[in-house]
Amino acid sequence: MLSRRGVAVLATALITLAACGGGTATPSASPSTSASASAVTAEKPTRPVEFVISTAPGGGSDTYARIMQGVIEKLKLSPQPVNPVNKPGGSGAVAFQYVFEKKGDMHYVMITLNSFWTTLITTKPALPYKPEDFTPIANLANDPFFLWVNEKSPWKTAGDLIAEAKNRPLIATGTGSKQEDEVLFRRIQDVAGTKAFNYVPDDQGGGHVATALRGQQAGIEVTVNNPSEGLPGYQATPREIRPLCTFQPQSPTTGPFAGLATCKSQGLPIDDYYVVRAIMAAPGLSAAQQKFWVDVFKGVYDSQEWKDFAAKNVLDLNFVSGDAFKKLVQDLTKVHTDIAQKNGWL
Amino acid sequence: MNEFLSILGDLASGFGTAAQPFNLLMLLIGVLLGLVIGVLPGLGGTSGVAILLPVTVHIASGGPGGATSAVILLCGVYWGALFGGVVTSILFNIPGEPWSVVLLFDGFPLAKRKGRPGLALSSSFLASFVGALLATLLFTFFSKPLADIAIRFGPPELFAVFILSFTTLVGLGAESPLKSVMMIGFGLLLAAVGFDTLTGSPRLAFGHIEVLSGIGFVPVTIGLFGIGEILASAEESGIGHVERLSARVGFKDIREAFGALRQRLHLILPISVIGFFFGSLPGHGATAGSFLGYGLARQYSKNKADFGKGEISGIMAPQAAADSAAVGSLVPMIALGVPGSPTSAVIMAGLFIWGLNPGPLLFVEHKDFVWGLIASVYLGHLLTFLICLTTVPLLAMIMRTPYAIITPFIVIISIIGAYSLNNSLFDVGVTVVFGVVGYWLRKMKYPLAPLVVALVLGDSTERTLRQSLIASGGNPLILVGSPIAAALMALAALMILLPFAKSLLPRRRTASPAA
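Sequence order for the protein chains is A and B.
Sequence positions in the first sequence follow the working numbering and run 16 to 361.
Sequence positions in the second sequence follow the working numbering and run 284 to 798.
In case anyone wonders, no lab produced these hints; they're calculated from the structure.
We treat Cβ as the ideally placed atom computed from N, Cα and C, and that holds for glycine.
Be aware that a few hints might be false.
Simulated restraints on C-beta separations [stated by the list, open to error]:
1) V350/A - G756/B: 55 to 61 Å
2) Q546/B - P140/A: 53 to 59 Å
3) E147/A - A773/B: 51 to 57 Å
4) T61/A - R486/B: 52 to 58 Å
5) L420/B - Q345/A: 55 to 61 Å
6) K145/A - G756/B: 33 to 39 Å
7) G756/B - E147/A: 38 to 44 Å
8) D331/A - L644/B: 22 to 28 Å
9) E648/B - G274/A: 20 to 26 Å
DSSO-like cross-link-like pairs, simulated, lysine-lysine; straight-line CA separation at most 27 Å [to be verified]:
10) K210/A - K171/A
11) K181/A - K322/A
12) K89/A - K327/A
13) K592/B - K535/B
14) K650/B - K322/A
15) K728/B - K592/B
16) K327/A - K650/B
17) K349/A - K145/A
18) K145/A - K342/A
19) K427/B - K167/A
20) K327/A - K427/B
21) K357/A - K89/A
Stretch-level coverage of chain A by chain B, calculated; a stretch enters the list once three of its residues show a Cβ under 8 Å from a Cβ in chain B [to be verified]:
22) 167-175
23) 212-220
24) 225-231
25) 245-256
Full structure from sequences and hints, please.
If you want it as structure tokens, here you go:
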């Protein structure tokens with residue numbers, strides 16, 4: 016009798032797991048069915064969709080993906096549920112490989128940022144595909160970079176910082192190695208002719224990078240965080256970190272950083288680098304399938320929720336799809352290949 | 284004094300918020316879901332919270348309690364998972380959560396070898412509750428100053444913390460020092476596998492993409508302990524443990540656990556404080572806290588030799604540390620706007636989604652939210668503790684199930700657990716391979732604990748060391764460059780030297796009369 020009860024407890028637990036685990040776990044063991052005829056020809060998803068995220072839960076793009084998913088669900092933009100699935104590892108390579116293998120299957124979309132380019136370009140041994148091989152859907156926002164220093168720092172402008180960086184290697188930190196933050200630092204040293212930064216790769220995400228600067232951990236002097244990452248330290252009382260300038264073409268006109276000088280105006284001519292918050296799908300989707308996803312994410316982009324989120328996180332709203340997005344993908348490939356070449360990362 | 288009173292006032296109003304019926308309901312749902320999620324290996328608190336995130340959008344915008352109800356629900360899952368993870372570790376020798384890996388060292392031996400599953404369970408629940416309670420008190424009164432210290436912990440300081448953890452664990456499971464050293468080496472080697480974030484290149488991946496995520500210590504430990512144990516017991520064909528399992532059920536065990544706790548308070552309380560502080564360091568948290576707690580308890584326990592064989596301190600200390608570290612991980616989120624653990628990172632993502640900006644302004648702009656959350660931490664732990672304690676007799680009965688019936692269940696749970704970590708079959712393969720490895724290591728009498736410790740701490744230790752050296756341009760003095768790092772390193776050195784000093788002292792005494 017007792018033993019049966021024990022078994023029953025276990026069974027119940029398992030069933031409950033199946034019920035609540037439905038959110039992430041998924042079309043588990045069916046690579047064969049996923050490529051079935053119906054999936055290839057349908058213009059709408061016929062079973063739950065996996066929204067693949069290249070970071071762990073709580074990481075930068077994870078937050079974005081979950082907000083988008085919330086909007087898709089709330090506005091019923093997709094006839095089938097869209098479930099976030101985290102595939103962290105290899106600075107995105109694990110997620111890219113996963114989606115790449117779902118060729119022609121519209122039930123896999125992926126949120127990407129610059130790592131989609133940096134990782135695909137610099138990973139050794141080379142991955143067997145390029146950014147252009149995936150089906151491009153859309154870019155939903157540009158997340159700008161600011162140049163940040165600790166509040167106690169003597170530097171008032173990018174010019175002050177550059178002058179010092181010509182004398183000695185400054186200690187900088189950012190997310191990952193050969194990823195967007197390092198790309199930007201290497202571009203700075205390239206453009207301004209400074210000594211090479213002592214770049215400390217952090218592996219815990221942008222929020223942690225800003226924290227390292229707040230605490231001046233290991234003597235860290237400068238970062239290139241996104242505005243939302245630096246906000247908590249900027250709004251702390253007393254203030255702990257401050258931005259010197261923005262790498263946008265124009266100063267922001269609204270929000271907490273309105274009027275912040277551009278780096279270009281302070282003698283650091285870089286105004287074309289930002290983090291994209293873009294959506295890619297499995298390679299080889301039909302035009303109709305691609306259109307379905309473009310429409311879904313246009314719906315997300317037009318929602319009040321997305322606008323509020325963008326305002327709060329100081330994102331530049333910028334919807335790009337179709338040929339323009341294809342061109343953006345190519346341009347970013349060029350920018351990243353160029354900097355990788357200059358630094359011998361290839 | 285005035286500040287103290289105003290905190291009490293805020294806390295009281297927080298309890299008013301948290302005790303609203305709808306919020307209590309959210310807390311109950313969260314805790315129950317968390318327990319189930321925690322019991323199942325693989326599916327941790329982090330994924331549990333992430334799964335519920337979309338639901339909270341509706342609660343935050345449409346529910347009567349707004350964002351406060353939403354955060355109460357998510358934190359409930361966090362606490363539930365902390366307690367639930369214990370169950371599978373103790374009963375089946377499978378870690379339900381990363382931080383319950385340490386419980387395998389003593390929890391399962393006490394439950395199975397000594398036939399006291401009820402005592403093992405109630406001890407760990409009790410320790411969790413006491414640790415969490417103390418941590419929540421610290422959270423209530425000292426979150427801001429603590430967060431200000433925590434923010435100063437960069438790579439050199441963290442490296443010192445890891446070295447300190449290693450020193451407390453020196454000699455763990457050491458019947459043969461050589462075998463221990465070999466196991467540490469094996470663990471470090473496994474930890475090195477995967478994508479190296481510092482150079483952005485794969486290590487020991489041999490061209491396999493899946494390996495880039497590294498060899499996770501959860502699938503490894505599920506294999507080593509869960510499957511390995513089953514293979515080993517298959518040989519003994521489960522004889523013995525059924526008969527030896529004490530006939531009395533339940534509540535006496537709970538009483539005994541209370542007694543055990545009273546004898547160990549001098550150990551548990553300081554460990555909880557350390558665990559809490561460890562948890563509040565951005566990016567670290569419960570798992571490292573639990574290892575440190577275990578190491579410290581072992582170093583300062585009178586019955587050091589009993590560790591690894593079912594010593595109650597070996598269950599209580601890591602569990603108290605893990606739970607207080609989990610509470611601690613909310614400190615940087617609330618006080619600084621920086622997550623203290625992967626789970627709190629997801630909760631923080633929730634704050635963004637509900638339209639709140641985590642960070643210092645939260646205390647000013649959303650006072651109700653912050654204090655409602657703090658009050659719910661007290662209530663949540665009380666609720667979880669009570670639920671868990673009442674289920675102890677029932678859970679203990681599972682151990683009486685004939686081995687032939689329970690074995691397939693453990694295997695199934697192990698496999699599902701390994702799969703659900705990342706929805707990856709690769710992890711299942713890792714679990715199975717390490718099941719065989721675990722069986723073989725057991726037969727050859729290699730200790731498993733040093734392997735697990737090296738695998739868990741190895742990666743972070745190496746990374747913080749390299750980060751420090753990159754920052755200093757290769758100058759090793761950075762490792763003792765700040766007062767905090769220097770103090771921690773000195774402590775670590777002391778931990779290593781103390782046993783030698785002790786062994787030297789008596790010898791001198793015996794020598795002197797002769798002279």
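Now the hints, each set against the structure:
Look at V350/A against G756/B: about 29 Å separates their beta carbons, and that is not inside 55 to 61 Å. Separated by about 58 Å at the C-beta atoms, Q546/B and P140/A satisfy the suggested range of 53 to 59 Å. For E147/A and A773/B, the hinted distance range of 51 to 57 Å is satisfied, since their beta carbons lie about 56 Å from each other. A hinted range of 52 to 58 Å for the beta carbons of T61/A and R486/B is inconsistent with their spacing of about 41 Å.
For L420/B and Q345/A, the hinted distance range of 55 to 61 Å is satisfied, since their beta carbons lie about 58 Å from each other. Here the CB-CB span from K145/A to G756/B is close to 36 Å, well matched to the stated 33 to 39 Å. Restraint check, G756/B to E147/A: a C-beta distance of roughly 39 Å satisfies the suggested window 38 to 44 Å. Judged by the Cβ atoms, the range 22 to 28 Å given for D331/A and L644/B holds: they are separated by roughly 23 Å.
For E648/B and G274/A, the hinted distance range of 20 to 26 Å is satisfied, since their beta carbons lie about 23 Å from each other. The straight-line distance between the Cα atoms of K210/A and K171/A is roughly 20 Å, inside the 27 Å bound, and the hint therefore holds. Of the supplied pair hints, the one linking K181/A and K322/A is violated, its CA atoms being roughly 41 Å apart against a limit of 27 Å. Of the supplied pair hints, the one linking K89/A and K327/A holds, its CA atoms being roughly 20 Å apart against a limit of 27 Å.
Distance hint between K592/B and K535/B is fulfilled; the C-alpha atoms sit about 22 Å from each other, no more than 27 Å. Taking the CA atoms of K650/B and K322/A, the gap is near 26 Å; set against the 27 Å cutoff, the hint holds. Distance restraint check for K728/B and K592/B: the Cα-Cα separation of roughly 14 Å lies within the 27 Å cut-off, and the hinted pair is therefore satisfied. With a CA separation close to 19 Å, the supplied pair K327/A and K650/B stays within the 27 Å bound.
Only pairs whose Cα atoms come within 27 Å are accepted, and K349/A paired with K145/A is accepted, the gap being roughly 12 Å. Among the hinted pairs, K145/A with K342/A is consistent with the structure: their alpha-carbon atoms are about 14 Å apart, no more than 27 Å. Taking the CA atoms of K427/B and K167/A, the gap is about 20 Å. The hint holds against a cut of 27 Å. Pair hint K327/A plus K427/B holds up; C-alpha atoms about 24 Å apart against a cutoff of 27 Å.
Restraint check for K357/A and K89/A: not satisfied, since their Cα atoms lie roughly 46 Å apart, outside the 27 Å limit. Residues of the stretch 167-175 of chain A lying with their CB closer than 8 Å to a CB of chain B number 0, which falls below the three-residue condition for coverage. With a cut-off of 8 Å between beta carbons, the stretch 212-220 of chain A has 8 residues touching chain B; three or more are needed, and the interface restraint holds. A stretch counts as covered by a chain when three or more of its residues have a beta carbon under 8 Å from one of that chain; for the stretch 225-231 of chain A and chain B the count is 6, and the coverage holds.
Given as covered by chain B, the stretch 245-256 of chain A passes the check, having 6 residues with a CB less than 8 Å from a CB of that chain where 3 are the minimum.
Checked against the numbered hints above, the structure violates hints 1, 4, 11, 21 and 22; every other hint is satisfied.
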